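A.B. asks: Below, each chain spelled out in residue letters.
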Amino acid sequence: MTTFRDVTKEFLEASGKLNVGQLVQDPDFTLFQAVGALEIMDPKMDSGLLEPEYERFYAWAPRLPEEIIGIMDHLLCNEMAWHLGSALSQTLFANLYIDKLLSSSPMKLEQATFGTPPREPTPGQEIVLHVLQPYCLALIKCCGYMAKQVPSEHIYEEEDFVPQTYGLPLLQNIEHAEIVVLLDSALQWLVDNEAALSKELAAALRNRLKLRKLLLEDFAKDGESYHEGATSNWVENMLKILNYAGASNTMTYFMHFSARRPTPLPYSRSLLQSLLMKDMKVLGRMPLKCILFDDIQELAYPVKELLDPKNFEVEAPQSPKYQIAKRMDWFVERAGRSYIELYRNFCQNRARLRRILCKAVLDWDSLQVESEEIDSELRDFTNEAPVHTRDGPLYSFSLSSWVYHYKLRIMELIILLGFELDIFPLHEFDGMYWYLQFYLRTRSGHVDRMRSFVRTPPKGEDQEGYNKTISMLNYTLLEIAAMQDLASACVYLYCALNRRKVLGKPKTPYGDDLLRYEGRMKPFLSIGCPEVIAYDTFRSVVDNEEMEMKEILSYANDHIAEAKKQYQKMSKLPASIVRANICYDSFRTNVNCLLRSCVGVGVAIGVLSREDGPVEVTLDHGDKYHPAFPVPCIKVKS
Amino acid sequence: MNAPQPYTSPSPVLQAFINKSLRVTTTDARFFIGELKCTDRDRNLILVNTTEYRYPSANDGLNAAKESDGSSGKVRVDMANRFIGLVVVPGNVITKIEVQEAAARRGWRFGSGALETLKMSMMASV
Chain L
1 MTTFRDVTKE
11 FLEASGKLNV
21 GQLVQDPDFT
31 LFQAVGALEI
41 MDPKMDSGLL
51 EPEYERFYAW
61 APRLPEEIIG
71 IMDHLLCNEM
81 AWHLGSALSQ
91 TLFANLYIDK
101 LLSSSPMKLE
111 QATFGTPPRE
121 PTPGQEIVLH
131 VLQPYCLALI
141 KCCGYMAKQV
151 PSEHIYEEED
161 FVPQTYGLPL
171 LQNIEHAEIV
181 VLLDSALQWL
191 VDNEAALSKE
201 LAAALRNRLK
211 LRKLLLEDFA
221 KDGESYHEGA
231 TSNWVENMLK
241 ILNYAGASNT
251 MTYFMHFSAR
261 RPTPLPYSRS
271 LLQSLLMKDM
281 KVLGRMPLKC
291 ILFDDIQELA
301 YPVKELLDPK
311 NFEVEAPQSP
321 KYQIAKRMDW
331 FVERAGRSYI
341 ELYRNFCQNR
351 ARLRRILCKA
361 VLDWDSLQVE
371 SEEIDSELRD
381 FTNEAPVHTR
391 DGPLYSFSLS
401 SWVYHYKLRI
411 MELIILLGFE
421 LDIFPLHEFD
431 GMYWYLQFYL
441 RTRSGHVDRM
451 RSFVRTPPKG
461 EDQEGYNKTI
471 SMLNYTLLEI
481 AAMQDLASAC
491 VYLYCALNRR
501 KVLGKPKTPY
511 GDDLLRYEGR
521 MKPFLSIGCP
531 EVIAYDTFRS
541 VVDNEEMEMK
551 EILSYANDHI
561 AEAKKQYQKM
571 SKLPASIVRA
581 NICYDSFRTN
591 VNCLLRSCVG
601 VGVAIGVLSR
611 EDGPVEVTLD
621 HGDKYHPAFP
631 VPCIKVKS
Chain Y
1 MNAPQPYTSP
11 SPVLQAFINK
21 SLRVTTTDAR
31 FFIGELKCTD
41 RDRNLILVNT
51 TEYRYPSAND
61 GLNAAKESDG
71 SSGKVRVDMA
81 NRFIGLVVVP
91 GNVITKIEVQ
101 EAAARRGWRF
111 GSGALETLKM
121 SMMASV
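The listed protein sequences correspond, in order, to chains L and Y. According to the numbering used here, the stretch in the first sequence is residues 1 to 638, in order. According to the numbering used here, the stretch in the second sequence is residues 1 to 126, in order.
Heads up, some of the hints might be wrong.
Stated by the list, open to error - One-sided and incomplete, this derived list gives chain Y residues near chain L with beta-carbon spacing under 7 angstroms:
1) S11
2) M79
3) V93
What the hints assert, rightly or not - When the alpha-carbon atoms are kept at most 27 angstroms apart in a straight line, the in silico DSSO-like pairs for lysine-lysine are as follows:
4) K9/L / K20/Y
5) K96/Y / K17/L
6) K624/L / K565/L
Keep in mind the hints are simulated off the structure, nothing from the lab. Keep in mind it's a predicted model, so treat the numbers as computed, not measured. Positions of the beta carbon are idealized from the N, C-alpha and C atoms, including for glycine.
Put together the whole structure using the sequences plus the hints.
C.D. replies: Laid out in structure tokens, this is it:
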């Protein structure tokens with residue numbers, strides 16, 4: 001048994017005799033070690049500090065209705081802060097009412113209370129009991145669903161969302177219906193006590209409870225219930241993807257979803273992934289193969305033997321159909337993974353998306369090489385007739401063409417995201433826009449090639465599919481051409497600005513332009529086609545040294561006028577043509593942003609053509625412009 | 001540069017507490033048991049291998065009461081404790097300082113842990 005002797009007094013006396021700065025210590029102990037010591041009673045270091053307000057907090061203290069409203073709103077803010085990526089410990093769990101409910105780790109509804117309720121509650125206590133407590137329980141239940149949904153899909157922990165609940169169960173054991181009953185009786189209590197509350201206050205409380213009820217109803221649903229046809233109060237728009245309208249429409253939706261400003265919250269991004277794919281079924285209705293074949297069919301329009309579903313029924317190995325099916329199975333396995341992953345990638349935050357795409361492009365590059373091989377093998381079984389040209393017979397290479405098209409889109413996206421995420425410094429804009437138009441040009445050439453292989457089907461056969469592909473390719477060409485013009489105009493504009501030395505290129509004593517170029521193009525260095533061009537060639541095509549300033553600006557002007565025309569054309573196209581059946585609004589907003597960027601860039605070109613004197617440039621990243629095409633505001637230096 | 005001065009204790013009374021186990025109570029009714037390594041005029045204490053103890057809250061008591069069979073009419077609740085290691089207890093938050101009685105330690109006359117172990121192992125070998 002250890003005993004302790006009180007030495008407070010002698011300690012006090014002895015220490016009082018010390019001089020300032022004198023230490024009594026273990027000679028082996030250095031103050032250096034003491035640096036790591038936790039300071040007791042320091043609120044930032046001492047997690048065990050007993051705060052009197054915390055210890056003495058009495059949840060049943062009477063509250064005014066106004067106070068209840070304040071607490072509810074505060075809780076909602078806390079909850080949303082968690083949705084936005086803060087930790088529970090710094091948001092909801094710091095709330096004393098929530099702490100009261102959860103600190104006993106309730107497993108049953110009866111245990112989840114603010115403590116034993118007062119026997120004869122005063123009116124101020126009744127409102128806490130009948131309104132605040134049910135509200136808090138419903139809110140925790142919502143958080144419980146959230147904590148389940150988000151980690152069930154791929155969302156980056158600590159980056160987008162902190163799932164840590166510190167071992168506290170968020171009422172997961174309690175039925176959703178029980179909580180709804182509580183909310184309903186809270187609403188009823190408001191009706192019964194209307195006389196005691198002012199009209200305004202009663203309405204405010206009712207609205208908050210109703211909002212919570214609607215939220216709870218939605219949080220209770222997951223991907224599966226939506227696949228089974230559940231409706232929603234909040235994500236109705238997102239559920240449109242379940243009305244499958246073709247692979248291209250789905251892809252457009254995901255791309256627009258990802259580009260929303262502000263970026264969708266982790267919950268929606270996770271839910272969208274659940275909607276896309278659960279239990280190996282895409283959109284709750286079809287195998288991966290279907291959406292993949294749809295996409296290939298629409299874009300590449302391969303010979304009809306290739307995607308024939310009957311192929312997969314043949315079991316005789318000597319049959320060409322069997323051989324085709326075998327190779328297509330491989331392709332579905334290999335490309336399907338990359339393809340569905342692409343959809344999922346669009347559910348990540350924008351910075352993460354770019355990082356992932358930099359890796360994905362390598363995957364698509366090797367996929368392209370592998371598919372080329374499969375394409376030439378398949379030719380033997382489909383008996384594809386070549387297209388005869390001056391360069392000899394040419395084959396469609398449908399699968400690898402399709403892969404190449406996606407690879408180029410990814411490469412464009414990486415550049416576009418570079419602008420959007422502020423990765424490129426101003427003085428590199430000309431070069432980066434050059435690469436953007438270079439990839440667009442390459443893709444445009446590729447689409448042209450693809451179109452030359454789309455053969456008119458014999459009369460009476462699949463005219464619809466043929467028309468669909470032709471319209472798809474034509475629209476793609478228009479979309480590419482518009483952005484190519486906009487990017488080219490930017491190349492010339494920033495080239496002109498660089499020449500006038502107004503883009504503030506910093507001095508880099510430890511690096512040079514070549515090194516920077518290599519670093520910038522690193523994601524693409526190992527890509528076989530299109531290759532990253534040599535630095536000297538790059539400089540000469542970007543700088544256009546042989547051109548006069550006037551000439552450069554006139555080119556810029558031509559391109560921007562052309563871009564504007566094409567975007568105006570695009571903005572008038574119907575949803576079915578632009579493959580935005582389920583997100584036509586986003587499509588329109590996006591084209592309008594691009595148009596405004598065109599106008600802004602046009603104005604900048606105009607100012608630069610007029611003014612010969614010193615100018616200064618600031619970038620306008622405003623929401624009205626497209627994020628990848630911020631507008632340079634050029635002002636004359638006074 | 002001056003060579004570091006060899007350490008001479010400014011207070012023999014306090015020096016006697018160094019490396020002893022102290023029980024330090026703070027203004028918020030927690031207490032800490034740890035070995036004293038350093039102190040100064042303001043009674044700031046540096047403790048190593050410290051454990052924090054706190055009295056159970058009313059809530060804990062209620063829970064324990066529910067779980068107990070109720071036959072004795074008394075409820076036993078353990079003090080919550082946790083190891084927190086190296087800490088500084090500022091002098092102004094200290095309400096009480098106690099020292100662990102040396103008599104309670106085995107082998108106290110040797111005053112050194114090493115000797116104590118030596119003695120124990122010798123006894124074991126006999």
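A.B. asks: With a cut-off of 7 angstroms on the beta carbons, see whether S11/Y makes it to chain L.
C.D. replies: holds, 5 angstroms
A.B. asks: Go through the hint on V93/Y and say holds or violated, using the shortest Cβ distance to chain L against 7 angstroms.
C.D. replies: holds, 5 angstroms
A.B. asks: Taking the closest Cβ pair, is M79/Y under 7 angstroms from chain L?
C.D. replies: violated, 13 angstroms
A.B. asks: Under the criterion that the straight-line Cα-Cα distance not exceed 27 angstroms, is the pair K624/L, K565/L satisfied?
C.D. replies: holds, 19 angstroms
A.B. asks: Has the given pair, K9/L with K20/Y, been kept, meaning a C-alpha gap of at most 27 angstroms?
C.D. replies: Roughly 17 angstroms separates the two Cα atoms, so the pair holds.
A.B. asks: Taking only the CA atoms, is the gap from K96/Y to K17/L under or equal to 27 angstroms?
C.D. replies: Holds, because 19 angstroms separates the two Cα atoms, which is no more than 27 angstroms.
Hint compliance for this structure: hint 2 is the single one not met.
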